[in-house]
Every structure is written in C-alpha cells, then in structure tokens.
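Q: Sequence:
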Amino acid sequence: MAATPASASIESLDLDPAFALHRGGKLEVRSTVPVRDADDLSLAYTPGVARVCTAIADNPALVNDYTWVSRVVAVVSDGTAVLGLGDIGPAAAMPVMEGKALLFKEFANVDAVPICLDCTDVDALVETVVRLAPSFGGINLEDISAPRCFEVEDRLRDLLDIPVFHDDQHGTAIVALAALQNAARLTGRSLGDLRAVVAGAGASGVAVTRILLEAGIGDIAVADSKGMIYAGREGLNPIKEALARDTNRAGHTGSTEEALAGADLFLGLSGSTVSEEAIASMAPDAIVFALSNPTPEVHPDVAAKHVGVVATGRSDFPNQINNVLAFPGVFRGALDVRATTITENMKVAAANALAGVVGDDLSSAYIIPSPFDERVAPAVTAAVAAQARADGVARLV
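UniProt numbering applies: residue 1 is where the sequence shown begins, and numbers increase by one.
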C-alpha cells in the first residue's frame, strides 16, 4: 500500500474506511459506579475515598480488591518493531496498541491501557515500566525489536511480581504449538517424530523454537539471514549462541532450503522466501507454517501441492496463526488468580487448551480454531488459571 501523503487533509483521509474507523481513537474509559448526587460523589470521591486509601496504605494488597489494578493490563511498546512496518516510533505505534487493548476487551473482557514510550534504551524501558507497574495487574510488551526485547522482558520478569508477557514472542509460540499439535495428529505423528526447520531468529522465531523444545520436538534447527545457526558459527549474539547449544542436533550449516530436504516441518518467521523446490524436497505429508505477513515465505497454494498441512499468518487462508487466540485468555487466566508470573507450563497449558478446541473436527483446513470461536478464550483462561495454581504462582487459590 502506498504511503499516505503528509499533506493529505483529514477530510480526504476519512474517505478511507480504515481512517474513518480510527477517527478519535478506538478506546474510551467508562465509570462502573453511578455519580448521581452528593451522596454518590461523597463515596466515589472525597471524603469516602479517603477511608479506602487509608486501608490500602495500611495493607497494600487491598489495592487489588478496591481498585481496578488487579484486572487491568498495560500494553507497552517503544514502536521499534510494529507489525510489518518496522521502527516507526511511539506515536505511529499507538493505533496498534489501541487495537491490542480493544482485542483484550472484546475477546476476554480484560481492561487494557495502551502506553507508547518515547525511549528505546533497555535501561530506560525497564525503569519506566517498573515505575508504571503499581497501576497494573499485568504487562503486555508489544512490538519491541529483537534482541532488546529479550533482555527487557527478562529483567522485568525478575523485578516485578505481576505477569510480564511479550506477545510477539509468546503469543505466536502458543498458537503455533497448538496448531502443530493438531497438524502432527492429523498426519499421524507425535511432536517427538518431527524434524523442524525454523526460518527467523527474531522474537517470534526464538520463542517458537523454545516452546517446541519444551514440548518435546524431535529435532529443530534455526536459520537467520546468514544461514543455519550452529555451535561455533562466528558472530552469534548471546541469544543465538544459546540456540546453537540447544538446537540443530543434525549439524546443518548451509541454507534454510538445504536443511529442508527430508524435514517434517517448516516454520517461517523471517520475511524471507523459500522456493517451491525446497518445499517439494521435504518429507512426505510434511507441515508448512509460512507465517510472515503480508507475504508468506511460500505461497500457501504452492506449498499445498507438496505437503499435508499449510498454515499462514493471514486471515484469507485456512489455519491462521493469530496471536489473538492466545493473549486475551492467557492474561484473563493469570489475572483471575492474581498470578505473580506466567510460567512456561502456563504457556504450554494454553496451547494444549487451544488445540483441544478443534477436537474431532480436525482437518487439513482446520488445525486451529477461529478467533471468533466463543470457546477459545474460556478454554485458554481455565487452563492457564489451573496451571498457575499447580505451579504455585497464584495468589488466589
């Protein structure tokens, strides 16, 4: 799509339905209590509010019962990796963060506040979010570029006693694992039978690889723009060095396409392209998740000629791997039990629940449910809450 001219008028922009929908923003704040007269005012504000403030000062945990803190999420971005748009800055990121907050509310009735920060330094990001954290029950990090996003999340998880979740990483990972469980079931395999090749070692590529390792994938190798990641390759950052230690047991050192020969699974999270010949070289009844948007690594119709199951990140093809299937229910479950963190087990539980929604309706065109399936958020919520209790991170049991 062509860029919008800077000189375009508001009137001309509003002729585009996307601009018309966004006019004035997509969110507002509404009160949950009436203020009809002086009595209502005296309870909602002064002097009645002072009694509540004093009680919270004496027992800070009461903030979760007498304010909205325990049920509201901050959606935080620095605007450095926004959708497929890249580093467009905090102001231009706001429509996406508003949209994320909208999805929280629509799909799981979670209140969320979009916060776009005018800083990109890791220390500044961490310090700012830590200072904001007392106002929220959870932190959803969004569209922060790799590899900075890994350090930001890790440090915040260490510093805060509320859930911190980088959706670009873990939302994608949860939905991909759920879809892969069903794809493997459909093709008569277990995860342990699969040899996987991942194209992309950014936020989502690393997180998907990690959750598949946690779930017991047979073997998995990851490629970046320079080729396969392997132990001893020069120029690896610490994140990729860790991947090299934990992956690629077969020792692939060439290109993604070379590694695909005989592979059971291709996961594209890179924005690169993969040839039809490489897809055709995969194992019989292979699985292709070409997830880059708007252009998948290989066209789904081309891949479908050679493999058993195809998924994409797009809504106009079957089997969309869409983060909205995960993050609303994950946070709803974590908030419902006032979890102190989101564990790896909670992510896997979310994936298992999501896969289970498909049930006996499983087919090559239906390995993952629609975001509009009303069973999705309740299933994920219940699984995450139960696992939080099992993992001992729930304050409410």
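Incorrect hints may have been included.
[What the hints assert, rightly or not] Cross-link-like lysine-lysine pairs, in silico, BS3-like; alpha carbons within 30 Å at most: (1) Lys240 to Lys226; (2) Lys26 to Lys105; (3) Lys305 to Lys226.
Hints were generated in silico from the structure; no laboratory data involved.
Q: Which earlier hints can't be squared with this structure?
A: none
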